[in-house]
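Visitor: Residue-level listing of the chains:
There are 2 protein chains.
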Amino acid sequence: MQNQQILLASRPAGEPTVDNFRLVETPVPALADGQVLVRHHYLSLDPYMRGRMNDGKSYAQPQPLDAVMIGGTVGEVVESRHPGFAAGDAVVGMGGWQQYSVVDATQLGMLRKVDTTHIPLAAYLGAVGMPGVTAWVGLTQIIAPKEGETVVVDAASGAVGSAVGQLAKARGCRVVGLAGGADKCAYVMDELGFDACIDYRQHPDLKSMLRALKEAAPNGIDGHFENVGGLILDAVMLRMNAFGRIAFCGMIAGYNGEPIPMANPSLILVSRLKLQGFIVSEHMNLWPQALKELGTMVATGKLKYRETVAQGLAAAPEAFLGLLKGRNFGKQLVKLV
Amino acid sequence: MQNQQILLASRPAGEPTVDNFRLVETPVPALADGQVLVRHHYLSLDPYMRGRMNDGKSYAQPQPLDAVMIGGTVGEVVESRHPGFAAGDAVVGMGGWQQYSVVDATQLGMLRKVDTTHIPLAAYLGAVGMPGVTAWVGLTQIIAPKEGETVVVDAASGAVGSAVGQLAKARGCRVVGLAGGADKCAYVMDELGFDACIDYRQHPDLKSMLRALKEAAPNGIDGHFENVGGLILDAVMLRMNAFGRIAFCGMIAGYNGEPIPMANPSLILVSRLKLQGFIVSEHMNLWPQALKELGTMVATGKLKYRETVAQGLAAAPEAFLGLLKGRNFGKQLVKLV
Chain V
1 MQNQQILLAS
11 RPAGEPTVDN
21 FRLVETPVPA
31 LADGQVLVRH
41 HYLSLDPYMR
51 GRMNDGKSYA
61 QPQPLDAVMI
71 GGTVGEVVES
81 RHPGFAAGDA
91 VVGMGGWQQY
101 SVVDATQLGM
111 LRKVDTTHIP
121 LAAYLGAVGM
131 PGVTAWVGLT
141 QIIAPKEGET
151 VVVDAASGAV
161 GSAVGQLAKA
171 RGCRVVGLAG
181 GADKCAYVMD
191 ELGFDACIDY
201 RQHPDLKSML
211 RALKEAAPNG
221 IDGHFENVGG
231 LILDAVMLRM
241 NAFGRIAFCG
251 MIAGYNGEPI
261 PMANPSLILV
271 SRLKLQGFIV
281 SEHMNLWPQA
291 LKELGTMVAT
301 GKLKYRETVA
311 QGLAAAPEAF
321 LGLLKGRNFG
331 KQLVKLV
Chain F
1 MQNQQILLAS
11 RPAGEPTVDN
21 FRLVETPVPA
31 LADGQVLVRH
41 HYLSLDPYMR
51 GRMNDGKSYA
61 QPQPLDAVMI
71 GGTVGEVVES
81 RHPGFAAGDA
91 VVGMGGWQQY
101 SVVDATQLGM
111 LRKVDTTHIP
121 LAAYLGAVGM
131 PGVTAWVGLT
141 QIIAPKEGET
151 VVVDAASGAV
161 GSAVGQLAKA
171 RGCRVVGLAG
181 GADKCAYVMD
191 ELGFDACIDY
201 RQHPDLKSML
211 RALKEAAPNG
221 IDGHFENVGG
231 LILDAVMLRM
241 NAFGRIAFCG
251 MIAGYNGEPI
261 PMANPSLILV
271 SRLKLQGFIV
281 SEHMNLWPQA
291 LKELGTMVAT
301 GKLKYRETVA
311 QGLAAAPEAF
321 LGLLKGRNFG
331 KQLVKLV
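These protein sequence lines are chains V and F, in that order. Position 233, counted from 1, in the first sequence is what my numbering calls 233; the numbers after and before it change by one each time, with no gaps. Position 289, counted from 1, in the second sequence is what my numbering calls 289; the numbers after and before it change by one each time, with no gaps.
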């Protein structure tokens, strides 16, 4: 049996291109004891993958060259030599950019069985998966909003941002999103139920962004979930109330890969802010609690999400580049079967 | 009886000058019920006063024009119409830049009796006063260092910085100070017992400062107490270990009063840092615990400090301007009797 795989062929110099990836076909190896063969139904594409393509210092090891790109996957067990898994089981794991993966199921946490009775399989890559838990951890552990407070989140129509806002609404907050374009803003307000959404493309300078934030958050901002950085962060900081909290989940770099400065760090002191970065994989102890709330909300229709689905493994590189440019709408997936 | 007072005459345009202050003489009013007349022995000069001279948004109300400059004082009760105080009591309060103050002692916390048996009166303005508690709160509540971790503090020979370092040493940390000049650095290491001290004047650029920090903190930095900001903050952030904590206590502005940007805020995410600003007067519940540790350490000679003492109220403006330029060595006081 043949397995299509996408490898990292080269590291990007600046913006990544499709030439940084290479599609190969290799035979699926026979299983050893304790191993499980999984056929992937969906591959998850996520912004963190961009960081892994670089060789520089970051919180994670870089993706090795000429190896299968890492990535979250959901699928079905095809064959099992581990007593905990049987053919037909629906599973979520880190199978990578390929059609099949052979998983050593003796290693704890490599593969997790999931229930698709009330929750669609693909949701385990989004609202009930890593992006959802990311939203949950940043919101509940760092922002820790109180009822009546105002919470802002950028990339608000995305997999993480949409969950942040709905979790904050469920906690009685006023929720303001930022998204790119009128369509996304309409979705964020009308479908996801945010109180306001700012189309950041209409506010390319600080003064204009400040005015928009003042209108959308007339009582100031108590919590901010940062997926982007740059101008949005600078503006939000100026509108933060005393004792505000900012969870750092994502930060873009400038065009040359240079870091974008924070304009006014003295606001950390003036407004007694707390700014904290986090990575969801370092909070594994919180996943069960987070997944329970997220799963219940999805099953009962209280946590909504949208997906953009590319068809076939070969479409993954283009879809990934589109994600980096914000061309997706909601969670970006690749359908593999 | 006449009382000399220094008022804020005008707000500074850029750097403050002596012309922003005005010395006046007014009669001491007769006491009403519940009031106490205090003769000040020492006036405390502190960097926070610079912020109060401005009219802009900050964490505190601006100092009103033509009113007595605010400031911490220690002194002796001269006359009392409050049962809790008697003539001769040593007291600490916020008497301001003047020789005498009339205090409404019915308001809780306006005046506190202190014991000068083992602790010198002036220390209640420094190591066993607001600067000491500031050090204690930032170190124990935000940095919360573990034994063996590395803690960095700038303005290390000052009233706050010297306490931060000695409190961190008492908790088993490696402590690195930054100070301006060889004399201050020698004092920080030889007298205060820091493990290393960097003369920041010798490292005016990021590359040089990074090299100095690498040498002084070879295992990276786990906690940083920020009294200054700018280049030092940028360099420290690059050398922070994962899960590092930065307490923001003071931040300078650029020459024109413009904020100095933070060069690389994405390090907050990459290194999962926590940055938090605080103001000691918002943590009154912690003062008793802090003062107990600080008082014991001073009384037993384990917390050392140095003082620069200006003579007479008229010398206060010059001494204050010197403090802003780092001309003092340790706690800046004005002796009034």
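Check each hint, because a few of them may be wrong.
If chains are identical, the list can't say which one is meant, so a pair holds when it fits in one copy or spans any two.
[Stated by the list, open to error] List time: in silico SDA-like cross-link candidates among lysine to any residue, alpha-carbon distance up to 25 Å: (1) Lys214 - Asp55; (2) Lys302 - Pro16; (3) Lys214 - Gly56; (4) Lys214 - Glu258; (5) Lys335 - Pro145; (6) Lys292 - Ile119; (7) Lys214 - Pro62; (8) Lys325 - Gly51; (9) Lys302 - Met110; (10) Lys335 - Ala196.
Calculated from the structure, these hints are not laboratory results.
Visitor: Classify it for me, Lys335 with Ala196: is the Cα-Cα distance of at most 25 Å met within a copy, between copies, both or neither?
Guide: neither (33 Å within a copy, 57 Å between copies)
Visitor: Is it within, between, both or neither when you check Lys325 against Gly51 at 25 Å Cα-Cα?
Guide: The answer is within: 15 Å in one copy meets 25 Å, while 43 Å across copies does not.
Visitor: How would you classify Lys335 and Pro145 at a CA-CA limit of 25 Å: within, between, both, or neither?
Guide: The answer is neither: 36 Å in one copy and 48 Å across copies each exceed 25 Å.
Visitor: 25 Å Cα cut-off: does Lys214 pair with Gly56 within a copy, between copies, both or neither?
Guide: Only across copies: Lys214 and Gly56 sit 19 Å apart there, 38 Å inside one copy, limit 25 Å.
Visitor: Checking Lys302 and Pro16: alpha-carbon separation at most 25 Å within a copy, between copies, both or neither?
Guide: neither (37 Å within a copy, 57 Å between copies)
Visitor: Quick one: Lys292 to Ile119, C-alpha cut-off 25 Å, is that within a copy, between copies, both, or neither?
Guide: within (12 Å within a copy, 57 Å between copies)
Visitor: When no copy is specified for Lys214 and Pro62, does a C-alpha distance of 25 Å or less occur within a copy, between copies, both, or neither?
Guide: between (40 Å within a copy, 24 Å between copies)
Visitor: At most 25 Å between alpha carbons: which applies to Lys214 and Asp55, within, between, both or neither?
Guide: between (40 Å within a copy, 22 Å between copies)
Visitor: Check Lys214 against Glu258 for me: Cα-Cα at most 25 Å, and say if that holds within a copy, between copies, both or neither.
Guide: Answer is between: at 22 Å across copies they meet the 25 Å cutoff, but 30 Å inside does not.
Visitor: One pair to classify: Lys302 and Met110, alpha carbons no more than 25 Å apart. Within, between, both, or neither?
Guide: Answer is neither; intra-copy 29 Å and inter-copy 52 Å both fail.
When each numbered hint is compared with the structure, violations occur for hints 2, 5, 9 and 10.
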